[in-house]
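A.B. asks: Chain residues, written in single-letter form:
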Amino acid sequence: MGYTFQFGEVFRYWPLLVEGAINTLLFSAIAMAAGLAVGIGGAVCRNSSNRALRAVAGGYVEIVRNTPLLVQLFLFYFGLPATGLRLSATEAAILALIFNTGAYSTEIVRAGIENVHRSQVEAATSLGLSRTQAFLHVVLLQALERVYPALVSQFILMMLASSIVSAVGAEELTAYGNRIQSENFRSMEVYFVCGAVYLGLTYVMRFVLAFLARFLFPRRRALARA
Amino acid sequence: MAIVNLSGVRKSYGSLSVLKDVSLAVERGTVVALVGRSGSGKSTLLRCINGLERINAGEIVVDGRRVEQNEATLRALRQEIGIVFQSYNLFPHLTVERNVTLALSLVKKMSTAEGHAIAERVLNQVGLGDKIGAYPEQLSGGQQQRVAIARSLAMSPKVMLFDEVTSALDPELKEEVLRVMEGLAREGMTMILVTHEMDFARRVANEVVFMHQGKIHEQGPPSRLFVEPATPEFRQFISSAIN
Ligand SMILES: Nc1ncnc2c1ncn2[C@@H]1O[C@H](COP(=O)(O)OP(=O)(O)OP(=O)(O)O)[C@@H](O)[C@H]1O
Ligand SMILES: [Mg+2]
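So the sequences go chain by chain: A and B. Each residue of the first sequence is one higher than the last, beginning at 1 in the numbering used here. Each residue of the second sequence is one higher than the last, beginning at 1 in the numbering used here.
If we strip away everything but chain A, and leave its shape as in the complex, we get (with noise of 0.2 Å):
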């Protein structure tokens, strides 16, 4: 192994490293929130008592879980074209993304909501609230406090297999990465850098969520207080 490694070939990009490692929490910030809140409809959905909506949404589910990341994007972005809808490698990659992530949102989201008893919605309603009020404010709470570890794990994840966007050349990390790399020849060097930063990134998402949880749930601060 006469390898030396010669970092100062990828910190000469570093505004670029800089730029993809923004863009990279960005289109996973997007595809958190715009995920969550498909999760959130999928997992009512999934709980409906409409035998349409509850196919729909088991077959998104069912379909997402069982084909690769990187086909769904394809379809968006070599596929949508195909019926007039033409969008950016950036715009396909962060359709992809929500569209993943919303289908393990759902799961995990439908998973905390089974989870709630059913004599908190009789509790809720009980006192005037309306079925939407009680699921808002009673049942979704709870579900998403209870769940909440979970879908930090699957955010994370989601964002580590941002990297696939690359692909299709969307601007994030990976992509600049590539693009680093067909420059100065230094894949060793260039993808090391590369994970090292996916690693930091890790550790800013998971202290953010914490950081919302503080907020979202004050319960569990409350108690590890007392």
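Be aware that a few hints might be false.
To be verified - With the C-beta cut set under 10 Å, the calculated list includes, among others, these residues of chain A facing chain B: (1) Glu114; (2) His117; (3) Ser130; (4) Leu141; (5) Phe217.
As the list claims (entries may be wrong) - Calculated Cβ distances over 10 Å to all of chain A for the following chain B residues: (6) Ala57; (7) Thr95; (8) Glu114; (9) Arg121.
Unchecked claim - Stretches of chain A that chain B covers, calculated by requiring three or more beta carbons in the stretch to come under 8 Å of a beta carbon on chain B: (10) 35-41; (11) 132-138.
Calculated from the structure, these hints are not laboratory results. Using N, Cα and C, we set each Cβ at its ideal position, and we do this for glycine too.
With chain A's structure known, arrange chain B with the ligands on it following the hints.
C.D. replies: Chain B with the ligands alone, transformed into the frame defined by chain A:
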């Protein structure tokens, strides 16, 4: 005019007939104790009154309003009827204060300040003014049940329903909950309670209703009913309940 009026109420789950032609009138300001063996339909009767269960025949009228299974009617009705469950059913993710004020803000559209004032009042009433910032899991069973009572009281209901609210509690904790209920009765709250506490029923209730196999088998003031039960079933029930 009775504030709660049931006439010819029937309820079944599939082929299991649980309430068979139940008629009952509850006067304003009175306390009615529902007693009877497990499975005799006491909880079901209570749950029909606030529309948690749909009846198959007959009619239930509460404060002049017919109990019907549509969301608008039920929501209006349930603001007049408080219900307290055996398992408390507090909202675990919310503080005691928010448990009490959730419906005040969402249903009665009260401001935070108005809600807070009411929460303080009802929590003091059940002796838990100092627990306003706690979470349910930080409280004992008896305290949780008193919060549940306060949560119902906050809505200023005209009728309160209690379903075996002390059954899950240790003897010492039962007392503190029963004292709160007794206070409510003294203040003139109309109450319908399912209970296994015969002493409490005897002391607090104006009327005792003995349910047996989905029917009202015997009813009357406790002073008479407990002293000279008319039917062998009730006699047997009392002697087994006391031992
Ligand atoms: N949701 C339900 N589905 C089917 N059967 C039910 C349901 N709820 C109650 N039952 C049945 O109805 C009958 C009456 O039940 P109910 O809970 O009203 O009795 P109870 O008098 O309150 O008894 P307990 O003292 O044990 O609480 C029982 O046979 C019970 O198994
Ligand atoms: Mg019962």
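A.B. asks: For each hint, tell me whether it holds in the structure or not.
C.D. replies: Consistency of the hints with the structure:
no. : hint    : result
1   : Glu114  : violated (16 Å)
2   : His117  : holds (8 Å)
3   : Ser130  : holds (6 Å)
4   : Leu141  : holds (6 Å)
5   : Phe217  : holds (7 Å)
6   : Ala57   : holds (23 Å)
7   : Thr95   : violated (8 Å)
8   : Glu114  : holds (16 Å)
9   : Arg121  : holds (17 Å)
10  : 35-41   : violated (count 0)
11  : 132-138 : holds (count 3)
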